[in-house]
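> For reference, the chains in residue letters:
There are 2 protein chains.
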Amino acid sequence: MSELRHDPIQKRWVIIATGRSERPDSFSVEYADVGGEEDCPFCPGREHMTPPEIAAYREGDGGPDSEGWTVRVVPNKYPALRIEGELTRRGVGLYDQIAGIGAHEVVIEGPDHEGGIAGMDLAHATAVYHMLQERLRDLMLDGRFKYVLLFKNEGAPAGATLAHPHHQIIATPVTPKTVAMELNSAKEHYLRKERCLFCDIINQEIEAGDRVVTLTDHFVAFAPYASRSPFELFIAPRHHQHSFTDASPESLRGLAEIMQDVLGRLRNGLDHPPFNYVFHSSPNTDSEPKRPNHWATLKHDFHWHIEIVPRLTRMAGFEWGTGFYINPTPPEAAAQFLRTIDPRPGGKGSSLDEPTGRE
Amino acid sequence: MSELRHDPIQKRWVIIATGRSERPDSFSVEYADVGGEEDCPFCPGREHMTPPEIAAYREGDGGPDSEGWTVRVVPNKYPALRIEGELTRRGVGLYDQIAGIGAHEVVIEGPDHEGGIAGMDLAHATAVYHMLQERLRDLMLDGRFKYVLLFKNEGAPAGATLAHPHHQIIATPVTPKTVAMELNSAKEHYLRKERCLFCDIINQEIEAGDRVVTLTDHFVAFAPYASRSPFELFIAPRHHQHSFTDASPESLRGLAEIMQDVLGRLRNGLDHPPFNYVFHSSPNTDSEPKRPNHWATLKHDFHWHIEIVPRLTRMAGFEWGTGFYINPTPPEAAAQFLRTIDPRPGGKGSSLDEPTGRE
Numbered sequence: 586m587s588e589l590r591h592d593p594i595q596k597r598w599v600i601i602a603t604g605r606s607e608r609p610d611s612f613s614v615e616y617a618d619v620g621g622e623e624d625c626p627f628c629p630g631r632e633h634m635t636p637p638e639i640a641a642y643r644e645g646d647g648g649p650d651s652e653g654w655t656v657r658v659v660p661n662k663y664p665a666l667r668i669e670g671e672l673t674r675r676g677v678g679l680y681d682q683i684a685g686i687g688a689h690e691v692v693i694e695g696p697d698h699e700g701g702i703a704g705m706d707l708a709h710a711t712a713v714y715h716m717l718q719e720r721l722r723d724l725m726l727d728g729r730f731k732y733v734l735l736f737k738n739e740g741a742p743a744g745a746t747l748a749h750p751h752h753q754i755i756a757t758p759v760t761p762k763t764v765a766m767e768l769n770s771a772k773e774h775y776l777r778k779e780r781c782l783f784c785d786i787i788n789q790e791i792e793a794g795d796r797v798v799t800l801t802d803h804f805v806a807f808a809p810y811a812s813r814s815p816f817e818l819f820i821a822p823r824h825h826q827h828s829f830t831d832a833s834p835e836s837l838r839g840l841a842e843i844m845q846d847v848l849g850r851l852r853n854g855l856d857h858p859p860f861n862y863v864f865h866s867s868p869n870t871d872s873e874p875k876r877p878n879h880w881a882t883l884k885h886d887f888h889w890h891i892e893i894v895p896r897l898t899r900m901a902g903f904e905w906g907t908g909f910y911i912n913p914t915p916p917e918a919a920a921q922f923l924r925t926i927d928p929r930p931g932g933k934g935s936s937l938d939e940p941t942g943r944e
Numbered sequence: 586m587s588e589l590r591h592d593p594i595q596k597r598w599v600i601i602a603t604g605r606s607e608r609p610d611s612f613s614v615e616y617a618d619v620g621g622e623e624d625c626p627f628c629p630g631r632e633h634m635t636p637p638e639i640a641a642y643r644e645g646d647g648g649p650d651s652e653g654w655t656v657r658v659v660p661n662k663y664p665a666l667r668i669e670g671e672l673t674r675r676g677v678g679l680y681d682q683i684a685g686i687g688a689h690e691v692v693i694e695g696p697d698h699e700g701g702i703a704g705m706d707l708a709h710a711t712a713v714y715h716m717l718q719e720r721l722r723d724l725m726l727d728g729r730f731k732y733v734l735l736f737k738n739e740g741a742p743a744g745a746t747l748a749h750p751h752h753q754i755i756a757t758p759v760t761p762k763t764v765a766m767e768l769n770s771a772k773e774h775y776l777r778k779e780r781c782l783f784c785d786i787i788n789q790e791i792e793a794g795d796r797v798v799t800l801t802d803h804f805v806a807f808a809p810y811a812s813r814s815p816f817e818l819f820i821a822p823r824h825h826q827h828s829f830t831d832a833s834p835e836s837l838r839g840l841a842e843i844m845q846d847v848l849g850r851l852r853n854g855l856d857h858p859p860f861n862y863v864f865h866s867s868p869n870t871d872s873e874p875k876r877p878n879h880w881a882t883l884k885h886d887f888h889w890h891i892e893i894v895p896r897l898t899r900m901a902g903f904e905w906g907t908g909f910y911i912n913p914t915p916p917e918a919a920a921q922f923l924r925t926i927d928p929r930p931g932g933k934g935s936s937l938d939e940p941t942g943r944e
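Sequence order for the protein chains is A and B. The first sequence begins at 586 in this note's numbering and counts up by one. The second sequence begins at 586 in this note's numbering and counts up by one.
Here chain A stands alone, though its shape is the one from the complex (with noise of 0.2 Å):
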């Protein structure tokens, strides 16, 4: 059993494992090399190496684990909260503690063991954002959760443990740091303007236009003017939509659309860099005890956006430490060298394959 447990001075949520093995190799077992095909427990035919599946996709009629599914959706084996339990608080003295209630939960994007969004056809990227919105959806109505984290980590220095493509969920019931400091700008922005706070970024991005990577009829992808680390990107709708439980079934396509686009231009132009990338979505405002008017005027300042962070540098040390990022190379160049990529697969970026006069 986890517990969730409070830190006074940085006012952040951690989550602690306790009921694992005190030996100090104990998180080995989280942290392993990426494994292969071979013993891949996503693989189709393997359904009986997860648990029980929650939810999926199939074009035949077979049952819940069997194969000939598209996208599926299981319950992580080694989950960091769990969902059966109630959600108890205490305090420890000047701390603050939760029971480790939650979900956690790994959407398989599909059935092959390479590739991922960016190499899919477009029909079934759709898909795997749909089951995403549709898990959201489902999970918020569990009052514990105050929010679901939807994130994908992509190759080992990003922190993923299988190489099958997959997403995953955190439902927790608590709202992670950063988004409430994202909904908290958002609100005092808000409230002095009566403009949402991304709406503005995202119309100053376009006008710029420099930190623009792709722009569609409904999303855009720019480089953050602030990047905290190389080829950082952020993509959101363009017109405002505060969560993405209400974006539409064109909305899930032209989302597929422009992830396929970046994601392309990221793999073609770094060389299948690791990256992780994470939905900021508005909290469950259902979830109790309600705490009115706190974020109430969130359908008009939030906007659901995707962040994603190629993992290229070695810079979460000091960083992390400090809150405080130095980013070698300037959004405004990250955008430049972006746009001149080809997304396709097996598109090649056009600068990487010149001599570079470096070594």
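Check before you lean on any hint, since a few could be wrong.
Since the list gives no way to pick out one identical chain from another, each pair is judged satisfied if it fits inside one copy or across any two copies.
Below, a list of computed lysine-lysine pairs in the DSS-like style, where the Cα atoms sit at most 27 Å apart [as the list claims (entries may be wrong)]:
id, residue 1, residue 2
1, Lys762, Lys596
2, Lys762, Lys778
3, Lys596, Lys772
4, Lys662, Lys778
5, Lys762, Lys662
6, Lys662, Lys772
7, Lys884, Lys596
8, Lys772, Lys762
9, Lys884, Lys778
10, Lys884, Lys662
11, Lys596, Lys662
12, Lys884, Lys772
I should point out that these hints are in silico values taken from the structure, not numbers from a laboratory. If you're wondering where the values come from, they're calculated on a predicted model, not measured in any experiment.
Dock chain B against the given chain A, drawing on the hints supplied.
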């Protein structure tokens, strides 16, 4: 020339190196593999390979940039921020920017290419902390700098680019977000209770004891209740002191002693793990422009300390994007394990020598 950019969503500052090459391979220079002894610019006899020295302790009577030093401070050859120039501030639409003014220094711990704090004699380790304090005091005299960061990266996975033992110093025209958060939490606690938050935590930890690794007359080292990562450690003076600049020579010796102890335990118990540590001291209250009363109670409510983070897990992905940490090793287990380790050079970790019964 670099610049500081402010993110209006996360309210964090980022240093962007705008003057560097725009090629995507341009950041590889800074993140090159840790070099060997044969061409180490920090080894004695190669003083000409660094920029002219800023300060040094010498046993003989050699001049600056000659051999015979025991601790030596030089400007970083690839500084994140530059000392020359005016601290201009401007708006860029919604965004804020500050010129990349600051200081970036390297404190070479000693002539030995290997070893570092845990392997030195106590007097030498004390001299390293004495030098750090001296540089901190000096940089605080510059009214352009709001904050001076003292930190150490050890090992390539922790971001070190040179193996020769060294600390780094970065003086910034803004207070890093993590430090600002601590200052605010401490102030809030003080206004409510008229007690220092850190003193309260330290007293509670010493009383509880289960997370304490080492307790000396002047210092305590413990694994924080809400540790973000396995074997994270917090080291602080037991008696209230708001700034590291105020530490007495006796206290510096005490600091060297406990740092040798805990770094020795990490080295012996976890097989030379890469790690980062960061000093959190109070900001430069003499910097301009002054914000009266903002952190006016500082002498009472802040309490300097050091945070050590061994880099054992590939955790920084999802966590990095959300501020939500998952720690597979409970701090009580980490502390219990480290207490069993002999911190002396060559001292072996008792438990790790036993068979674990795991693959």
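> Taking each numbered hint in turn, which are not upheld by the structure, reported in ascending numerical order?
Per hint list: 4, 6, 10, 11 violated.
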